[in-house]
Amino acid sequence: MQFASFVSTRLGKALLVMLGVVVINFFLIRLAPGDPAMVMAGESGAGDAAFVQNLRQQFGLDQPQLVQLGLYLKGVASLDLGFSYRNHVPVLELILDRLPATLLLMAAAFVISIVVGVALGALAARTRYRGRHRWLDGVIMTSAMVLYATPLFWLSLLAIIVFSVLLGWLPAFGMENVMAGLSGWARIADIAQHLVLPACSLAVFFIAVYARLTRAAMLEVMGMDFVRTARAKGVPAGRVLRVHILRNALLPVVTFAGVQLGQLAGGALLTETVFSWPGIGRLMFDALLQRDYQLLLGIFLVTSAMVVGFNLMADLLHRFLDPRIGSGAAAGAPG
Amino acid sequence: MKAFLKRFARNPGAVIGLVLFTIVVVLALCASLLYPNSPWMMAGKPMLLPFAHPRFPMGTDMLGRDLLSGLVHGARVSLMVGLAATGAALGFGVLLGAVAGYAGGWIDDVLMAVTEFFQTIPQLVMAVLVVAILSPTLPSVIAAIALVSWPPVARLVRTEFLSLREREFVQAAVVIGQSPARIVFSQILPNAMSPIIVMGSFMLATAILTEAALSFLGLGDRNYMSWGFMIGAARSVIRQSWWLSIGPGLAILLTVLSINLIGEGLNDALNPHLRKRGE
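Those protein sequence lines, which keep their order, are chains L and U.
When we follow the working numbering, the leftmost residue of the first sequence carries the number 373, and every step to the right adds one.
When we follow the working numbering, the leftmost residue of the second sequence carries the number 4, and every step to the right adds one.
Calculated directly from the structure, the hints in this document are not laboratory data.
A few of these clues could be false.
If we take Cβ atoms under 8 Å as the criterion, some of the chain L residues that face chain U in the derived model are [stated by the list, open to error]:
| no. | residue |
| --- | --- |
| 1 | Leu403 |
| 2 | Val518 |
| 3 | Ala521 |
| 4 | Leu529 |
| 5 | Ile533 |
| 6 | Gly634 |
| 7 | Leu642 |
| 8 | Met656 |
| 9 | Leu660 |
| 10 | Ser676 |
| 11 | Val679 |
| 12 | Asn683 |
Stretch by stretch, here's where chain L covers chain U in the computed footprint (C-beta under 8 Å, at least three residues) [as the list claims (entries may be wrong)]:
| no. | segment |
| --- | --- |
| 13 | 127-134 |
| 14 | 215-221 |
Even glycine gets a Cβ: it sits at the ideal position worked out from N, Cα and C.
Bound-form chain L, shown alone (with noise of 0.2 Å):
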């Protein structure tokens, strides 16, 4: 009972948002040069009046600006993103053709950094908990902190740079050679090879971010009151390291983790951009030389929609790794 109530509070807060971003897109198309009308008029190519004001009766363009709005809500909700006048194909499909690409550098730049970043922290945390090699911990955050502070695109290019052109062992742009016309597991290693480097490209920024803040989650955790019990009942130092403290020191990642995807999307819209990956971002980047207010709007609208169904899957997520937490706001979220 309380587990669906905490659901719906949640799917409320997620349709909440999902309508401020509508309502935003509508009063942004609003803010560019010329009405509606006129940029779909100029994406087209077609410029006379009568066409012009054929759009405007076809859009409501006429009608009173809280009608429109009404209309522009109702066309959302029925999944309709308007028409992308450049490419003549509807918004909504020209970003579910590129979606899976996207969510797929996602995933393997999310699982990385996790995973590596979580590592890197909790080996940082364990030389202050022994006492010994401390310098790895200097050499873990001074890294962190340097990549903490580099632009992901630059490093994007310096991958290529080294690993492409130099080096030559990766490729460095698409997400697989249609050339070569493989199928089957041949495709899928291909596809795994052009996605390296720009999953790890991704990946480094949030790399630093889990590392510093499993770190020092651990650190905090370390001073706790059941911790000492641990050691002084004499459990090994590995084994508090692991399930004393890691475990407890996981919480406050998982909830910044779920924080952090709408900066993961953003990083890929970069990532994408360099690697000429055929996701939504690079999309993005074609919309923005074209000037397709249409498809951008429609991006900003799903990658939104995306990020809310992360969060609400942190959410739920983190209620089941905690039972503690009520359905009020997430509690243990690092300061």
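Given chain L, work out where chain U should sit, using these hints.
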């Protein structure tokens, strides 16, 4: 103040950061003296290698533009946009957080819902959208960055206000009949200043990274040379001349790193109690 400076100077990272940042600021201020000509102009032969010509220590790009001149002028744009956006975001965030924290009740609920909304949506995507629609000019870039970076400040200020509001000196001010505005600005805000300053420094670093990302995507103001644009331009010739992107990339990295180091130093120096607990 003296104790604060002492604590700050004891942190080697913070001092290194301050030195680096000072160099960047001085270069940015002297950009027009060092390179009076526009960094967009052709200055020499295209594609000169670094160190190949004494006049162009960092070489030239595919259009013969002097890379070092671009770097120095780019520092100006990075700092200007970063400072302006951070200032705007701080102002708005403090105002909103102060109102929410001081007023409480439904005003607090509504303002925090708005804050959470802006924190949830993908910030870079939103910034890109705003600049694309408003057309890429310096003011719209600043506005877009400010628009996506105020929420953490609002939350921080609200939390500070919620706890400070209950303190005795604030209640005393209420009792002697000071106006709410006066209480906020003369009693509460000065006491919440240190965490705001620390957060402001980290926001400046993020703002500079966001500006670089925007101009890398071609959304920078074309009247001003910027580091992100230089990297974006280098991308198209990455196979022939890969060194073009190294300089501007390092410039961004060092600037952002120096600000983060200063921020950590400020954090340690302003909150000595926290440091003891964290270490």
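To see whether the hints hold, each was checked on the structure:
Given hint, Leu403 of chain L at the interface with chain U, holds; its Cβ is 6 Å from that chain's nearest Cβ, closer than 8 Å. About 6 Å separates the beta-carbon of Val518 of chain L from the nearest beta-carbon of chain U, less than 8 Å, and the hint is met. For Ala521 of chain L, the suggested interface contact is upheld, since its CB lies about 4 Å from the closest CB of chain U, less than 8 Å. With a least beta-carbon distance of about 5 Å to chain U, the hint placing Leu529 of chain L at the interface is held under the 8 Å criterion.
This hint holds: Ile533 of chain L has a C-beta 4 Å from the nearest C-beta of chain U, less than the 8 Å allowed. Using the Cβ-Cβ criterion of 8 Å, the hint placing Gly634 of chain L at the interface with chain U is satisfied: the shortest such distance is roughly 4 Å. Given the 8 Å rule on beta carbons, the hint for Leu642 of chain L holds: about 6 Å separates it from the nearest Cβ of chain U. The criterion of a C-beta within 8 Å of any C-beta in chain U is met by Met656 of chain L, whose closest approach is roughly 7 Å, and the hint holds.
Restraint check, Leu660 of chain L versus chain U: the minimum CB separation of about 6 Å is within 8 Å; hint holds. With 8 Å as the threshold, the beta carbon of Ser676 of chain L comes within range of chain U, its nearest partner Cβ sitting at about 5 Å, so the hint holds. With a least beta-carbon distance of about 5 Å to chain U, the hint placing Val679 of chain L at the interface is held under the 8 Å criterion. At its closest, the beta carbon of Asn683 of chain L sits 6 Å from a beta carbon of chain U; the interface hint therefore holds under the 8 Å criterion.
Under the rule that three or more residues need a Cβ within less than 8 Å of chain L, the assignment of the segment 127-134 of chain U holds, with 6 such residues. With 5 residues having a beta carbon nearer than 8 Å to a beta carbon of chain L, the segment 215-221 of chain U meets the requirement of three or more and the stated coverage holds.
In terms of the numbered hints stated before, the structure departs from none.
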